[in-house]
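*Asks:* Protein chains in written order, with numbering that gives the first Met the number 0: chain A, 0 to 314; chain B, 0 to 368.
It is worth saying that the hints were derived from the structure and are not from the lab.
Beta-carbon label-pair distances, calculated as ranges:
1. T24(B) with F125(A): 46 to 54 Å
2. D144(A) with A272(B): 50 to 58 Å
3. V23(A) with S127(B): 41 to 49 Å
4. L289(A) with S11(B): 54 to 62 Å
5. G132(B) with I269(A): 51 to 59 Å
6. K138(A) with F68(B): 16 to 24 Å
Backbone N, C-alpha and C define an ideal beta-carbon position, used for all residues, glycine too.
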Amino acid sequence: MSVAAYSVGEASPRQKLLAGVLVVAYALVTMIPLVWIVLTGFKSPPASISYPPQVLFEPTLEGYVNLFTTRSRQTPEYIESLGPAETWYDALVRERNMVITGKSRFAGRYMNSVIIGFGSTFLAVFLGTLAAYAFSRFKVPLKDDLMFFILSTRMMPPVAVAIPIYLMYRELGLSDTHLGMILLYTAVNLSLSVWLLKGFVDEIPREYEEAAVVDGYTRFQAFVKVVLPQMRAGIAATAIFCLIFAWNEYAFALLLTSGTAQTAPPFIPIIIGEGGLDWPAVAAGTTLFLVPVVVFTVLLRKQLLRGITFGAVRR
Amino acid sequence: MAEIRIEALTKSFGDFTAVAGSNFTIRDGEFFVMLGPSGCGKTTTLRMIAGLEMPTSGRILLDGEDVTFNRASQRDIAFVFQLFALYPHMNVRQNISFPLRVQGVSRREVRARTEEVAKMLEIDNLLSRRVSGLAAGDRQRVALGRAIVRRAKAFLMDEPLGALDAEFRDRMCEELRLLHDRIGATTVYVTHDQIEAMAMADRICVMNKGEVLQIGVPMEVYERPATRFVAGFIGSPSMNFLPAQGGFQAGATAIRVNGASLAMPQAREGLAATDAVLGARPEHITIADEGPLRGRVFAVEYMGARQLVTVDTDAGRLRVRAPNTVRAKTGETVGLTFDAERLVVFDPVSDRAVRSALFEGDVVAEERA
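Bound conformation, chain B alone (with noise of 0.2 Å):
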């Protein structure tokens, strides 16, 4: 079990610059997911924690210690990889057994170390099977045993579900996540897929294009984006931005949308621009007849509980999450209301969302409030 601290860690292959300066600190047992779309730098970090990248500057620090330019075998760190690496000349149980047999463990602990591992994950009727024609998932399971046996400091894990099919990808979603809390082993958890992020971290960090976004909590980074690519990275359907007409004091309380005045949290710094992007969610808009912005339905999908319906405004196309009681067909003018204490301003130069009373407060605690 150990923290894992980064400091100003880059990554260069030659001009292209695939991790640009990252700071941050994995807390001991915890379930760490790096989010972000391919070639956002997620991977190449994962890796030069587990050594087998060197990084170009900055530090990795396990547990206080300097291993930044340790060899991968001396760092104590399991790695898992997107697909699996299990070893098809070995059966599951030499499989599993491997990173014991290096470490001059006595026969006896071996295997019985390798068979208590292959119950937790219900592979051991499977234990003298060949991988090669194992099921997706079992040698899933396979290559959690292979890293879980040797009780390492830390698991890393790249994409480990992206080979599995969707339906099974909610199953090992929930399995990893009781595995964890079982071992409680600090876990940095590598995906681009948002849901899989919402549903197992502790804390989720996002990524793109090298640099490290936002740190929160899964319910942080998805109501208090601090950059407009956060906000619409994360959530399905994402976020709709708004043109809107900014340029306000530190204390104001409503933006301007198309000459319509829209109330939002109390803002706590200024912006100077006269150009703002205004964020709301589909589910932080609500169809109603006296709403100040006004537009044509442009289509409905039904999705059960609730509706999407999408709506042409002069401010843009949005996407509303409504509950399936209101009615809305295509091609009617309704009016939006929008809930006022969740929208967020982004500044329009940094792309960053301007501090306002949204972002104050502890937001779990407030969730269940």
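Excised from the complex, chain A in its bound form (with noise of 0.2 Å):
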């Protein structure tokens, strides 16, 4: 048997392994419910029920027409007469005994989920980034029970204000608006933004201000050319936050909205309801509505890692 020799600290070629091991295990066990959801978006109806599960299956993009479209029962006969079908999905639903009546709310709904998903959260960075500078630069009465408050906005679970923000919201008119989807969504991301906008800025020395202010810059221009571009990781990560929080609430956007601003969380289980139990329609609606913050992720992935570090790592 072989002796060698390793530092305290250096993993050895067993551990490492070991390590490696249980990494893969880890990500496979929690890869599992996602990837049986990207799977089943393209079964067949009778394929994503069937038991034993199909594993290997015949994939068709009959969940992604039936999510996209509102369709009706007819005879045989009926379909007969319409003659040759227009288009692939035209084929697809009619060998089900349907046609397709229409489009249905999903793409609507989407939209929704984008449009107040990417405002609130673009809303939210953008105060954010102006309240953490002013907090960590200037001198502000009562700054640290101010910090405080901003952030016990926070503590409250949705459930407890929903009541309340809900009878507000129908007094001014914002419920089932974006905008007041937008502003809720923006007043709960603003806390964290704060928080952890406040904690880069007080990272980057003020000398780089000084700098620029003796430089001949004004102090909002010394802030946009050499602070804002040194925040860029902690706003991308912050920004990532604030998107996953926006782009996944169920609860707010349950009770508050019902038509049009209605967002994809609250709507997605409705397909369920509607002419049966149509799983693939409900994956395929699941796997789209993780593509945008999946995609956010991956674009911004660089800047994340050393945001999410706090700061720890000095460039």
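Two chains, two frames, a set of hints: combine them into the complex.
*Replies:* Below, the structure is given as structure tokens:
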């Protein structure tokens, strides 16, 4: 048996292997539900509920077609009388003795999610950046108390304030409006964004701004040209956290929206109720719902990695 | 290019007075060094001149114009920070040209001036590099470049060499001084390092506890210290202080130390206190058998051309800088003589130097003669 020496803190090959196996195993376990949802989106309705569950199957876009359309059941004779199907999705639906009668509401709900999610994220990060800068750089009376107050707005569960907000919104005409939801999510996210961003501003030495001011820039120009570029990582990380919250929020959306401003989370379960348990359509909706957050996170992953270490990594 | 006048400038932070009523004038084109221990108010003074700090009272005049409460961006003064404050998201060229880009200078001129400055500082090959990867010396040059490129009225530098290692500091000292001679801009330089101050300054301003103690050319500050603090702070090893039996009239030429009578520069004012403090620099004491003060050699440090001999006398421990031809062994008893024309007597109450013949005439001219 050979004896190899390793420095303290460095893992031996066996330890590294064990760690690797554990990480991969954990990743697989957490990925399974996700993968199952994505797969189900491509199954036919019978395949989606077959037992034992099918892992290998013939993929179909039926779920996605069902997600975006409304259909009605017809007799084969009637379908025959319509003549040949004009598009691939017409053909797909007719195999189930149905005809497409129009677009479903999913696309609209999805757009609502995009508008409200990104709108509130932008506002929360924009206001949060300015507030964080002010808290970090200026003498604000009762600064610590104000910061705590801002944090405390996050302490109450949404359910506790949902009813009062519902009543207020009804009075103000904000219920079921995009503006109302954007304001609400901004308000909730602002505490997170101010606290996170203040940490990032604190990390940036004042000398940079002083140098810019001496060089002839105004304080605001110095903020834009010198501070903001150095906050990029922090802003990216904060934006992702805010977006994830606004995107996934369910309780407020369920209570405060019903039609024009309804977001995807309260809508997706409704699909289940429309014409039987259409699991592939639900899975397709869920898959599409995941895409923006994943894309946003992947695009910003470099900044995010640096950002969520909260300035611990020196550049 | 400008003259900077400081009038009764005071800055307090709550109960703490950082700068207590400073008055001085920095001449046009001068290399003016503010020297003192940390917390003495030199950096605060500099920041007030730059406009980064507002004075509690007093005035700052730039070429006769009162700029006391002008914004920093309106003073046309360049500032070099201790840690350089190079913008990490910009490359060298963008850093240097940053002050020009706000002034509405044409793009072609920005380019030309940036490159001219880079060439002068020998960093023209680094222009497209990111600043985060640069060596400390090159960062320093970029910081200087950013200051020079504007052709500002004055340069303010806050311990700009503090972040460099010792070897490099010497070289930058020399370069900074050469650069100043070439550009001729008024420069205010803050440091706690007396060697830097001596090497670069036209005039040195020594501060302690918010007060300006002495302003003069390096030789003056060294040879004719105005207070005991200045005498002790400048010079390495620092000046020896001996308890003396004072109390003399104007015109006295000797002072008693432990019974021995030591000749001193003729006093121009009397000293009422009975106990004075006599200051003698290590190089102004000679080891000689017939010396009036005797003591035992405590330690000998060989320093190449010179040696530093520490002698325990009845009047305390003295450090003597002697040529290494002098034989001195630890434990031996030796006599000490003092260079009568160079001794300084301090008033023990006010800590100020007693005026004497030492303080007369032009110090620089005398030294050359």
